[in-house]
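In the order they appear, the protein sequences are chains Z and E.
Counting with our numbering, you get residues 639 to 1014 for the letters of the first sequence.
Counting with our numbering, you get residues 86 to 748 for the letters of the second sequence.
These are computed hints drawn from the structure, not numbers from a lab.
We put the CB at the ideal spot given by N, CA and C, even for glycine.
Do not rely on the hints blindly, as some may be mistaken.
One side of the interface only, derived from the structure: several residues of chain Z facing chain E at Cβ under 7 Å [as the list claims (entries may be wrong)]:
| # | residue |
| --- | --- |
| 1 | 641 |
| 2 | 645 |
| 3 | 659 |
| 4 | 674 |
| 5 | 731 |
| 6 | 739 |
| 7 | 746 |
| 8 | 747 |
| 9 | 748 |
| 10 | 749 |
| 11 | 755 |
| 12 | 774 |
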Amino acid sequence: MLFWVIAAILTLGASLAVLLPLAGGPKGGSASSDHDLEVYRDQLSELDRDVARGLIQPAEAEEARAEIARRILRLDNAADKAAARPSMATRLVATAAVLAVPLVSWGLYSQLGSPDLPSQPLSERLAKNPADSSVDELVARAEAHLAANPSDGRGWDVLAPIYLRMQRFSDAVTAYRNAIRLDGDSAARQAGLGEAIASEAGGIVSSDAQAAFEAALKLDPSNPKASFYLAMSMAQEGRIEEATIGWQKMLAALPQDSPWRGAVEQALAESARRSVASGVPAKGPNAGDVDAAASMSPQDREAMINTMVAGLDEKLRQNPRDVEGWMQLIRSYVVLGKADQARDALNRGIAVFGPDSDEAKKFTAFAVSLGLTATE
Amino acid sequence: MVETGHFALVLAFALSLVQALVPLFGARINSQKMMAVGGPVAVTGFALTALSFAALATAYATSDFSVANVWDNSHSLQPLIYKITGTWGNHEGSMLLWVLILSFFGALVAAFGSNLPATLRANVLAVQGAIGATFLLFILATSNPFARLNPAPIEGRDLNPILQDLGLAIHPPLLYLGYVGFSICFSFSVAALIEGRIDASWARWVRPWTLVAWMFLTGGIAMGSYWAYYELGWGGFWFWDPVENASFMPWLAGTALLHSAIVMEKRSALKIWTLLLAILTFSLSLLGTFLVRSGVLTSVHAFATDPTRGVFILCILTLFIGGSLALFAFRASRLTAGGLFHPISREGALVLNNLFLTTATATVLIGTLYPLVVEAVSADKISVGAPFFNLTFGPLMVPLLVAVPFGPLLAWKRGDIFAVAQRLMAAFAAALLAVLVTALFIDGSSVFAALGVGLAFWLICGALTDIAVKSGLGSVAPGVMLSRFAGLPRSVFGTALAHLGLGLTTLGIVGTLCFGTEKILSMRAGETVQLSGHTLRFEGLYPAQGPNYSEDRGRFALLGADGSTTAVITSSKRSYPVRQMTTTESGIKTIGFSQLYLSLGDEATDGSVVVRLWWKPLVTLIWGGALVMMAGAAMSLMDRRLRVGAPSRRRRSAGAMPSASLP
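Pulled out of the complex, with its shape left as it was, chain Z reads as follows (with noise of 0.2 Å):
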């Protein structure tokens, strides 16, 4: 409301400025003769300074007031035109300027304005009531409380899980170490700082990662959470049965009511299909192919995957720049046995993105952790 009568009141002020002009009496404009008049008075007795200062030579001065004083008689000393009458054609041009003011500045604003959106200063919004506020507005207060007393690990504590379920995973990493740092290692700060890493990476458990969950289930031997992705990076090396294994046991040991249990059973199940495949990752064979695989004899089995690994390894040389496809193709070679052609691949990838890549730091670390080193 209160924008509406501002709006208003601008409107009539700017079309006041229009019309108040139009509408006043008759004004008598100095004649432009005049103003001529004036600069040449000026430049006559400019002159006569400078000729005073030795700027311009006495003959020449005399040429230049000679050639002023031409340029004031040449002035149209007649009167300028008379002024126009307000004839009809000056009324409409009048009025339909002051009409324009406000039809234009309305129909305009009506098109692209936001009457009805107030300002939001961030102040403001922190300040109203939290019942009132979003999350969004939930987890900025917090960060200004946090950025003005930093070493409030309570407050670490409580963001870092929100910034883990908003998808803020670095943000989540840098609250978990924090909350560690300040009110001492658990369990559940560990493993989240696992998952946190994790996450970043966009779901591979790093050895960073393994750390952490490492240390949370030192903590709490029965931490699912740890024992969850602990399992999984098995997995993503390779080890599936030691996977399987340590998922089954999780199984085990979970209670029924558990919310882990759905996460473990669907772990198990891809990795009972990806047993089949052994160590092709999910990703490569399709449905059928594994089908194929899962009815033929170990020795065409053993051929149909190195098929599909020579498959990768083409694809890899007419389309290098496929880090996933890197990585599994040297997972592939390893879990083959062929160490040779997984030091092969290994370098030509870390060949493709140059030694100093982030990606052939990626590449080595983890052929570190699958055993195998870069260069003989």
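Let chain Z serve as the given structure and place chain E on it in line with the hints.
Positioned in the frame of chain Z, the structure of chain E alone reads:
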């Protein structure tokens, strides 16, 4: 508040339409009432634009992320000063600033233009209104800073880190004051062309505006150059980057305009040429504003690129540049030419200045646009870099600089070059001495360096000679001289100061380019390095936390002769997490007019850091000279002569002094 600003902007657009059309129509049919509309409308339009800008700045200061522009260019953790400067640290906001300054200048003409002939004033305001209307339409249609987000995000995306700097707070407003200041000269020119006559007061009005615009543009370019010098961490002060050229071209053309306007004002000569220059200067300003924004040029100003706006921009450029030049072609023949002069005279010297400056402008224009044309025609990407400009721009500037001291000493209409040369003997001797001292005692390896220093001293001493001769040094008694000195018009001091500043800048450039040294090396904590007689010890890297960034500070101790620390220089690498960008903050220690400049490179795994070191002799004179030039312009502006009397008022109070009515 946000929507009030939005509405005020729309209303300002409506008013600018009225301002563009009604006074123009009034001037044609000679209706006093309609012509009178221009003034109040221009002032009201400025007030509304200011309100709109204030609303946007408030949204920035209070981190109102419901405004898309704020969300895109601000962050709640930024220090307040950078929240506010972020208002114009982006395309939309900077366009609003542009229009704000445009309407401010229009309002000044309206407020102080009572001594102008009514039709001229009406036409000037109409042209100014037309420019304003076009830009407001551009803002509202393609770059609306008041676009809203609902629901509002809780955190912004941060201002580009390299723009989070005080230099940015000052550089664009100064530059825009310069660019837009020339719009007034443009409006006066177009108004004169529309009327088909040039009033005698025309030049008296245009010259101060040119001075104001030129002063701010000089400051803007110098500030931009200094900002690039310390913020980008490359240690260079001028890169012949297209965006720099874009601001340099209007400066060159503006400098030419400044000088031709003197001739026009004093002698009523060069009228048509001055008119054309005014049009060209503002056209180059427009080009400067938009070349950066159209997306054709990529540079450090990358925040402004958006190809979708290109077409609109092209239309604006065609409308104003093409339209005004076409108008010029049709109407120029109706204008009467002015006073006569001999080739060797003050007028002749100023014409020479114009020839060189416009040719230099053309050179820079070609060097800037040629790569674009080649790319458009043949899809080849070529780059015209410093070598091109050094080969073309340099040789054009040297004769001009040599000629500079002669100009102010020549008499009007007919001058005596030999007499002037005699008066300049002392300056010449000083320059020669500088050349010899440089070649024999400082660095004899480069003839160009010695000659460059000589040129700089020639300019400096020439400017001083000007003052000395005009005060009557050597020809009158000291007492008379002193009183003459005190009685010299301000514009004489202005000229001398500006030329002196030019000399200082030249000295700074020559000093830095010819005598500077640099070193790139890998250093560990505790190691020392020698550069041009200065010893620096690297103390190590220290992490630190800023409000919205974290940084590694490299501390360097400048050691005195006895090995004690005389100063600490800090250079840091900052990392801004929101934009995932790093910036280098260079460490600078000013010693006299020279600077020791160092910037941190990458850290190696063994703990050593790549350090780049420069010794830049006399480098501060480059920008100091620009400041002196600005002071010269300011001094000139204070000259009584530039104040034009208003006949109507004068009739009322007969005999009164011409009223002071300078913007």
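Against the structure, the hints:
no.: 1; hint: 641; result: 6 Å, holds
no.: 2; hint: 645; result: 5 Å, holds
no.: 3; hint: 659; result: 4 Å, holds
no.: 4; hint: 674; result: 4 Å, holds
no.: 5; hint: 731; result: 6 Å, holds
no.: 6; hint: 739; result: 5 Å, holds
no.: 7; hint: 746; result: 5 Å, holds
no.: 8; hint: 747; result: 5 Å, holds
no.: 9; hint: 748; result: 10 Å, violated
no.: 10; hint: 749; result: 9 Å, violated
no.: 11; hint: 755; result: 5 Å, holds
no.: 12; hint: 774; result: 4 Å, holds
Checked against the numbered hints listed earlier, the structure breaks hints 9, 10; every other hint is satisfied.
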